[in-house]
Amino acid sequence: MYADNLAHYSFLQYNQAGPDQGRTALLQYLSFLQRIKNEYIRYSARILHMDFVLTYLHLYRLESTVGNSAVAAGYMNDAQRDWSALTWKNEDAAIAAFKKLNQSLSSSEARFSGKGALSAPAAHRKTDKARAKAR
Amino acid sequence: MKKAIAISVCALLGLAAGYFAAQPASMWYIQSTEPDMFGAFALDVIDSSIACNCENKPPSEALKIVSGDLSTVRGWRGQNRSSLMLAQEIGLGYVRLSQLEQKLGNGAEADNDMKHGQHELAALGWKDISPAHLTALVKRMDSGYQEPYQKEKNAAIAH
Chain A
1 MYADNLAHYS
11 FLQYNQAGPD
21 QGRTALLQYL
31 SFLQRIKNEY
41 IRYSARILHM
51 DFVLTYLHLY
61 RLESTVGNSA
71 VAAGYMNDAQ
81 RDWSALTWKN
91 EDAAIAAFKK
101 LNQSLSSSEA
111 RFSGKGALSA
121 PAAHRKTDKA
131 RAKAR
Chain B
1 MKKAIAISVC
11 ALLGLAAGYF
21 AAQPASMWYI
31 QSTEPDMFGA
41 FALDVIDSSI
51 ACNCENKPPS
61 EALKIVSGDL
71 STVRGWRGQN
81 RSSLMLAQEI
91 GLGYVRLSQL
101 EQKLGNGAEA
111 DNDMKHGQHE
121 LAALGWKDIS
131 PAHLTALVKR
141 MDSGYQEPYQ
151 KEKNAAIAH
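Chains A and B, in that order, give the protein sequences.
Using our numbering, you'd call the opening residue of the first sequence number 1 and step up by one each time.
Using our numbering, you'd call the opening residue of the second sequence number 1 and step up by one each time.
Hints in this document: simulated from the structure, not taken from any laboratory.
Wrong hints could be hidden among the right ones.
Once the Cα atoms are required to be at most 25 Å apart in a straight line, the calculated DSS-like pairs of lysine-lysine come out as [said to hold, decoys possible]:
| # | chain 1 | residue 1 | chain 2 | residue 2 |
| --- | --- | --- | --- | --- |
| 1 | B | LYS127 | B | LYS115 |
| 2 | B | LYS103 | B | LYS115 |
| 3 | B | LYS115 | A | LYS115 |
| 4 | B | LYS64 | B | LYS103 |
| 5 | A | LYS99 | A | LYS115 |
| 6 | A | LYS100 | A | LYS89 |
| 7 | B | LYS127 | B | LYS57 |
| 8 | A | LYS115 | B | LYS64 |
| 9 | A | LYS115 | B | LYS57 |
Pulled a few chain A residues facing chain B out of the computed Cβ check, cut under 7 Å [to be verified]:
| # | residue |
| --- | --- |
| 10 | GLN21 |
| 11 | ALA72 |
| 12 | ALA85 |
To spell it out: a stretch of chain A is covered by chain B in this simulated footprint if at least three of its residues, at any positions, have a beta carbon under 8 Å from a beta carbon of chain B; those stretches are [to be verified]:
| # | stretch |
| --- | --- |
| 13 | 8-14 |
| 14 | 34-40 |
Nothing here was measured: the structure is a model prediction, and the numbers come from that model.
Backbone N, C-alpha and C define an ideal beta-carbon position, used for all residues, glycine too.
Extracted from the complex, chain A is given alone in its bound form (with noise of 0.2 Å):
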């Protein structure tokens, strides 16, 4: 599926490449997804969801990085908007699931990287990829 490879592009020049770099990989990468939500393409209306608050998520840290921080901040409304989409029982399990989410992102990201240690292989990546090609 064009969406996973766009995906695993987008996020190796986001996690590998520079600041100028992985901002224009994680823009084409949102733009893409905006043609999805905006031209109705079959795509799995929960998963979409989740892809723009990940992709959110990774332009927030970016901009926070190079110190834009009011660009973060609108990146960080966008996520949680997105992620408030998705059905949660109540306000504080999608609070606390989000914080969850972020602070788990943000360690395995720098695990990914090499700037930490390294957990033991959870799945194949080529089984997500038939997983997500059968959805």
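Knowing the structure of chain A, use the given hints to seat chain B on it.
Quick look at chain B alone, frame taken from chain A:
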């Protein structure tokens, strides 16, 4: 009557021509307007990426697979010079090739492949292109360590 037949024949010929022309025309359009969209499509054709399930294969066999995939992706890049996604895949493909050459004891080829990989990834703005880092990264990707966004996504979707 003759006029109606002529129009029908022309319509049928037009449909046939359109049927055959539509695919190359749409591919040309995507290549020229959205090179990375084409790159994503092209990678999908070879099962998403050059990464292969090579753990249980002898290095010489894995080398053939990776080398063949890399050659295919390079061919596509020839038609899409501006696709950064294909450039990234080619860079990582060279790193994988370098690892396999190293396993086979071909030190010179391994160094050469690593240099090609470093060159591609440096052009993409990658910060750390040391052989140790690239080798470790590719090993992480191929050994099944999930990319963080994928892991978090699966966890959140399953809640």
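Each hint tested on the structure:
1. Taken as a hint, the B/LYS127 and B/LYS115 pair is honoured in the structure, with Cα atoms around 15 Å apart against an allowance of 25 Å.
2. With a C-alpha separation of about 17 Å, the suggested pairing of B/LYS103 with B/LYS115 holds against the 25 Å cut-off.
3. For the given pair, B/LYS115 sits about 23 Å from A/LYS115 by alpha-carbon distance, which is consistent with the 25 Å threshold.
4. Only pairs whose Cα atoms come within 25 Å are accepted, and B/LYS64 paired with B/LYS103 is accepted, the gap being roughly 14 Å.
5. The straight-line distance between the Cα atoms of A/LYS99 and A/LYS115 is roughly 22 Å, inside the 25 Å bound, and the hint therefore holds.
6. Between A/LYS100 and A/LYS89 the CA atoms are separated by roughly 16 Å; this keeps the pair inside 25 Å, and the hint holds.
7. Distance check on the hinted pair: B/LYS127 and B/LYS57 sit about 32 Å apart at the alpha-carbon level, beyond 25 Å; violated.
8. With a CA separation close to 33 Å, the supplied pair A/LYS115 and B/LYS64 exceeds the 25 Å bound.
9. The suggested pairing of A/LYS115 with B/LYS57 is violated, with an alpha-carbon distance near 30 Å, which exceeds 25 Å.
10. With a cut of 7 Å, the hint placing A/GLN21 at the interface with chain B holds, because the nearest CB-to-CB distance is about 4 Å.
11. Below 7 Å, beta-carbon pairs count as interface contacts, and A/ALA72 has none with chain B, the closest being about 18 Å; its hint is therefore violated.
12. A distance limit of 7 Å between C-beta atoms decides the matter here; for A/ALA85 the minimum to chain B is near 12 Å, and the interface restraint is violated.
13. Note: the stretch 8-14 of chain A has 5 residues with beta-carbon separation from chain B under 8 Å; the three-residue rule is met and the coverage holds.
14. Judged by the Cβ-Cβ criterion of 8 Å, the stretch 34-40 of chain A is not covered by chain B as claimed, because only 0 of its residues qualify and three are needed.
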